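Protein chains in written order, with this note's numbering: chain A, 1 to 113; chain B, 114 to 930.
Hints were generated in silico from the structure; no laboratory data involved.
Everything numeric in this text was worked out from a predicted model, so none of it was measured.
Just to be clear, a hint being listed does not mean it is correct.
[As the list claims (entries may be wrong)] Below, computed lysine-lysine pairings styled on DSSO-like, alpha-carbon distance capped at 27 Å:
#1 A:K29 <-> B:K600
#2 A:K29 <-> B:K736
#3 B:K831 <-> B:K600
#4 A:K55 <-> B:K623
#5 B:K831 <-> B:K896
#6 B:K727 <-> A:K55
#7 A:K29 <-> B:K122
#8 A:K84 <-> A:K55
#9 B:K264 <-> B:K174
#10 A:K84 <-> B:K604
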Amino acid sequence: MMDGMRVVRDFVDVGALEEIPSLGARCVKTAMGDIAVFRTADDTVYALRNQCPHKAGPLSQGIVHGDAVTCPLHGWVISLQSGKAMGLDTGCTPRFSVKVEHGRVLLSVGVTA
Amino acid sequence: MNMMNSVRKKLVVIGNGMAGMRTVEEILQRTPGMFEITVFGAEPQPNYDRIMLSPLLAGDKSFAQIVLNSLEWYEANNIKLIAGEAVVTIDREAKLVIGEAGTTRPYDLLLLATGSNPFVLPLPGVNRPGVMTFRSVADVEQMLSIAAPGKNAVVIGGGLLGLEAAHGLNLRGMNVSVVHLMPMLMERQLDAASAHLLERKLTSRGMNIYTSANTEAFDGDGENGPVRAVVLKDEQRIEADLVVMAVGIRPNATLAKSAGLATDRGVLVDDAMRTSDPAIFAIGECVEHNKQCYGLVAPIWDMAKVAADHICGVAEPVFSPIASGTRLKVSGIEMFSAGAFMGDKSTEDVVLRDGARGIYKRLVLREDRLVGVVCFGDARDAGWYFELLKNGEPLGELRDTMIFGPVVASDDPDDALAAMADGAEICGCNGVKKSTICKSIAEHGLTSLDDVRARTKASASCGSCTGLVEGLLKLSLGTGYAPAAVKPLCKCTSHGHDEVRRRIKGGALKTIPAVMQALEWTTPNGCGSCRPALNFYLLAAWPGEYVDDAQSRFVNERMHANIQKDGTYSVVPRMWGGTTSAKELRAIADVVEKFDIPAVKVTGGQRIDMLGVKKEDLQAVWKDLNAAGLVSGHAYGKALRTVKTCVGSEWCRFGVQDSTAMGIALEKTTWGSWHPHKVKLAVSGCPRNCAEATIKDFGVVATEAGWDLHVGGNGGIKVRATELLCKVTTEEEVMEYACAFLQLYRMEAHYLERTAPWIERVGLKYVQEKIVENAELRLSLFKDFMHAQKFARTDPWAEQAADQQAGKKFNAMAELV
Ligand SMILES: Cc1cc2nc3c(=O)[nH]c(=O)nc-3n(C[C@H](O)[C@H](O)[C@H](O)COP(=O)(O)OP(=O)(O)OC[C@H]3O[C@@H](n4cnc5c(N)ncnc54)[C@H](O)[C@@H]3O)c2cc1C
Ligand code: SF4
Ligand code: FES
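Whole structure, please, built from the sequences with the hints as guidance.
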């Protein structure tokens, strides 16, 4: 029944928090494509697939503000918490679990439910 | 006539200062002509506003502006003024006073208003020329006779008076040090945190602050020569050409004492302001009432009323002191304190601290009533607090929100403004009162913020009181006030672009967080619209100082390459004036092959575009291009893009000027400059205009006589031909006008506004006034541009290629494959 589903996900150390600029993002390459890891002003980290729900713009290259990122291609604003497009736009980008422990960024590549 | 005189009672006033003359005015109001009045004044001047000695010292006011009672006033009121002669004896028996020059006057009633004397530290060297106090016009004159830019002044005492003296001398260009005995400045008004804010503020204005510093002596030339240094107990020496002691005041009760009146610290008075001799009243700073002495005018005005009532016999009120407030009269530093701001066991404090904005407020409460207040950094609500304090009503629910001011307490901020006292200061920088603004609005029919700024200077400096001034316009004009609807910069703020730019300059705001704090941004760190705009405005305002914030740049400017729709980048090296060489072309060919770049294209701006470069290859591509001497073309930026040229007189049979050389010179001068939007230049060698200069932001077209300069063209979605700015003759002029134009555009256009819509908005005439008609301004714009360029003409590729750390952003943080 639980086949193929990992309930307890593995977190992988992808680097130090400092490697991500404050109000910026870095990419992590995975077999399922690039994951963008964002760092906000208060050092919260979020991870989203590096693809805008609009036309797949690289969200890691956008401007980070509050808990959102503005896509570099056409300016959609994507919530980092939910992966959803904000305002009048609709669409959603998959989220990933990510956390910071002892200054290290730990990413889980299983999709958050 | 003589008959009349002999019938009138004789009132003699000793002390021609603020307290004495106020009492005389009160008496004249009550019973004009009742007394034959004589005033003795030790100072030679008519009565002036002593409070205004600080602005007099700072050069903000002239003596004529601070006179309270002119000589004509004394004459018109039949008052005999004996100025410049101190009274030395009071003969109570004979009811006579005798002046130092021998002038003798009999009295029926005597009013003592001798004020106080500044405390003089009994230290070695205190009598040296250059060591003085701060109490009178004579003191200010003495200070100004020594003060000069570059000279050293030391102020002893970091209280209100000392800091005002320090501020004035600082404005006179002196190097000012403040020596303060206590560990913190103004310890009587502030606590440690706010005193620290104050110290920081003063230090940033170039003052040196020595706290916990005990003065030992005043050193100088020879035995009695002019002062040269202040020596501290710990043997530190502070150079000094001028020393001002502002360490406190003492009631001046000597004369009263020698006349046998009851004195303690001051002249003792009862609730009617009467001394121990019923024929003698005393008032002002020389008195002691209920063990209390006074050093501010507000309670003195009350004393004057009480004394006048008794002297004229019209009523018998009692003097009961009310709290009074003090403001620090130092422009740009708001500080207000009132009442029992020190607090004690029976009080509790409500405190608000905003370190980033340099704001501190403390409200002292006793049994649910406000009894003391200190505001530092933001004294806008001082008037309101002071009213609450004087009313002494229980605070009730107000307690929870009052620290944020009346704006929160009342639903309508205009209520608070309407309730504010007329004398309340609205603009701290320029010291403009509410009443002054309202009067100007009414008298001159002012209808806009700019009108008010022009007339009264209110909100014209740092601009932090803009909201209040607008509120007053609204109050005065009601619906008649239609503020020019400014479009906010973005939804994080209600301010428009112009206001933001003005405040950045005026408020010396130098970081994005500082701007957001000062202008009350509604979001914690802005959005994708305002951050790039602020980054640019700061960069333009503070060249060489502001540190570019990469995270507030659009991706292209952060990566120094153009992002394409597939997430790859395009790379365009600069080709000066559209010229290139075999070496450069070879390097480009090599790079294209080496990195497997899928497409190469010649651009409309006369250079070569390599399209489809992968993000991780960018650095290596630049490195190779750099090696061949190619630099970034900024084809990705809100920056100077290209200077397109034709071949001109070098090769073309029609050419009348060397347009290529002109274009190269322009590009070499202007490259690397950031702008509100992209900027394109072109130079054509004759009016056939093959370089299409008339659809560029700045187009130059050669003529037989020189050069025509065109501005505001655009070849994009909305084609717009340029307008002729002017004609010039030399290459140097082309350069100066071009740079001045670019500078004006950079400093005044809104972010993302190209020159075409900018000129449509402000009008060509406006641009011509600044660039063509005003040679001085043109030159200074040119100079500003060249100054900024010193920091801008750097190749971002070279910087990025050299910077290992920066390199990281092009690569993945980790690979989990
Ligand atoms: C630089 C400065 C800034 C100040 N700022 C503020 C402020 O912001 N707010 C505030 O509330 N207060 C301020 N004060 C205090 C305020 O000026 C005084 O409280 C006020 O002037 C006191 O009035 P007075 O008449 O008692 O004394 P004074 O104004 O000093 O008048 C006394 C007069 O009596 C004369 N006199 C003395 N002895 C004799 C004699 N024997 N015969 C004849 N004449 C004599 C003196 O020469 C003097 O002219 C400031 C004071 C100074 C010096
Ligand atoms: S603009 Fe004039 S000088 Fe330049 S190429 Fe054309 S015809 Fe020749
Ligand atoms: S791809 Fe993100 S806004 Fe269009």
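Hint by hint, which ones does this structure get wrong, listed from lowest number up?
1, 4, 5, 7
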